[in-house]
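**Q** Chains as they are written, first to last, in this note's numbering: chain A, 4 to 400; chain B, 109 to 446.
Some hints here could point you the wrong way.
Claimed, not checked - With a Cα cut of at most 30 Å, we get these calculated DSS-like pairs of lysine-lysine:
no.	chain 1	residue 1	chain 2	residue 2
1	A	LYS57	B	LYS405
2	B	LYS405	B	LYS375
3	A	LYS163	B	LYS314
4	B	LYS285	A	LYS339
5	A	LYS163	A	LYS255
If you're looking for bench data, these hints aren't it; they were derived computationally from the structure.
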Amino acid sequence: MAAKPQQTAERSSAKGSIFNDPKVRGIIYQLLLVAGLVYFFWSIVQNASHNLEKQNIASGFGFLGNTAGFLPNQTLIDLSATSTYGQALLAGLLNTLLIAVIGIFLATIVGFVMGVARLSNNWVISKLATMYIEIVRNIPLLLQLFFWYFAVLRSLPHPKQSSSIFDTFFLNNRGLYMPRPVFEDGSGSILLALVIAIVASIGISIWAKRRQMATGQRFPAFLTSLGLIIILPFLAYLVSGMPVSYDYAQLKGFNFKGGMKVIPEFVGLLLALTIYTGAFIAEIVRAGILAVNHGQTEAAHALGLRNGPTLRLVIIPQAMRVIIPPLTSQYLNLTKNSSLAVAIAYPDIVSVGGTVLNQTGQAIEVIAVWMIVYLSISLLTSILMNWYNRSIALVER
Amino acid sequence: MKKVLISVLMGSAMAVGASAASATTLEDVKAKGAVQCGVSQGLPGFSNPDDQGNWTGIDVDVCRAVAAAVFGDATAVKYTPLSAKERFTALQSSEIDLLSRNTTWTMTRDTSLGLNFAGVNYYDGQGFMVRESLGITSALELDGASVCTNTGTTTELNVTDYFRSHDMQLELVQFEKSDEVVQAYDSGRCDVYTTDASGLYAQRLKLTNPDEHIVLPEIISKEPLGPVVRQGDDEWFNIVKWSLFAMINAEELGVSSANVEEMKESKNPAIRRLVGVEGAFGENIGLSNDWAYNIIKQVGNYAEIFDNNVGPDTPLKISRGVNALWSNGGFQYAPPIR
Ligand SMILES: N[C@@H](CCC(=O)N[C@@H](CS)C(=O)NCC(=O)O)C(=O)O
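Start from the sequences, fold in the hints, and give me the full structure.
**A** Written out as structure tokens, the structure reads:
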């Protein structure tokens, strides 16, 4: 080790040029590469702005503050016809996040159930799961999207013939209508009660775990927590004089007005993404479970664990280490695939951005927004999943 | 390492070079041997592929007229089907030489999008289509309606304005492709289908039961539709503009594809200039002097392209109305060739 630098020093002094020093040369190459890259990107930017100017195309982000003049058909924030392009894009971003979060949640459930089902000893169940996985994985997502969207649409009735439950929930080809809770003064106490209940539940489960470790006695922590989370806010609701009222949807003219609405575009997209990604997750789960040595199952059985607990307590926790990394890429895929929304009029960031792009002509700016949005969501998802992966990784003693 | 470096440097040199040495559109088109024309993805009467896959329509005929003017061959056109949303980016990035796709001339498009409108080949306005069974007779009864339309159009802006100014509630369902708008409207997702009135008549043909749908009387906007080129190339702009004007002037002067041959012998100086036996009008815009002759011979005059594609004898059954010549009480008016 110690001899090496000396040797190089000797050699370079012998040849008399520092350019023959591999270390120096390495640094010079790297500097040149960086300089080349910087120049490359700088010239792209230069070139683009030069061309835009030559063609008299407006550029810059100033347009975000201008009136948009169109309204997405689903917005989580309050928009009006006078809202700006920036607000419209924000609404699109929230719609993307909404579909991604709910889609990931449901696809995970579908995937785990189907992955386990495919390994089931029950012939019918395992063949059904296999069929689902093989069919769904081999049909392009866009086709499935159209299938679900138009299948959902065509099977639903016209608003005048809506199916209803207790005249509070209505289903028709314009969407699913529900009563919307209106929080009046004093409803803060309900929120407070909910927070207290959640904190208490966490405390109880920690305590229950410790006690089980120490004494072996079990405590129904889950049921207790569930009870707390439901009962405490409800008590607060009663005590504070029932400050929540409901805005019911009502048929007025063409459509229902008031209430909350889930649009068919959302349902179609959610179904397609969940079912499609679920099939891939199922395969990942199956692979993860198969990766756990069969000896583990035998050992668990030898200890007297039945099939359910064996899977839940022994197999899955070990399989998770194999499952998490590919699962992360499925989550990223689902989020990115949600951009197919534009095909069925769900106003996600790509769809809204496309409209903005077209109305303003600011292609480069809008594409930059798209890239930043997807990059941020993907990086955030990866960070979360990597953190989770580390927390369940095998701790070597 | 060295290779990477070299390719990076070459790449950047090329990126810079591209801006410096760009040929004019006319030179490009001549080198390619065809006009690359942006059209719709299928709008009967305007730009629509027929059974044999040949594009037809009043917008397509503008492309063909430009090809006839440049090459003396109306078939020297290559078509790029574009959605409403893609069309301007395709033109700006030189993917196409000419956009002829029922595109409305608006101030934003004409200015900050860096485009030039080379005239109007169809004066249109936005309308509403509903199911007859709804029993509606006016657009003012549409409060609370779900409305299906194309994104990236003037349509979505006009309809939002209209509902806003009449204090009506609107659910706007925006699709990128027209076929999906038609399907969604057909399957009952929307009460209303809105687009340019001509588009309504064209798209109605695609519905399961066209007879069950009516177009409401209100026309809520001005939609002057015309061919579009990039800013910054006046030569090409002139060629497209005057190809359209040649067809309108031909109708006014009574020159059609049937009689253009005889018209070469005409004594009327205006006709003689049009068909290229007098003056050097073609050469002055970088073409040959029989440029307009070729347009009329191979494509026709404005009356012919109107009647062949959208007129009363076609499935669209549209009468000339405001698209009649100015001399017949319409808006179609071309500056003289002189
Ligand atoms: N003229 C309007 C609307 C143009 C438009 O996109 N219309 C639709 C509906 S008629 C269309 O052309 N569809 C045919 C297609 O998408 O191929 C504009 O320029 O914004």
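**Q** A separate judgement is required for each hint: does it hold in the structure or not?
**A** Comparing the hints with the structure gives:
no.: 1; hint: A:LYS57 - B:LYS405; result: violated, 37 Å
no.: 2; hint: B:LYS405 - B:LYS375; result: holds, 19 Å
no.: 3; hint: A:LYS163 - B:LYS314; result: holds, 25 Å
no.: 4; hint: B:LYS285 - A:LYS339; result: holds, 21 Å
no.: 5; hint: A:LYS163 - A:LYS255; result: holds, 10 Å
Of the numbered hints stated above, the single one contradicted by the structure is hint 1.
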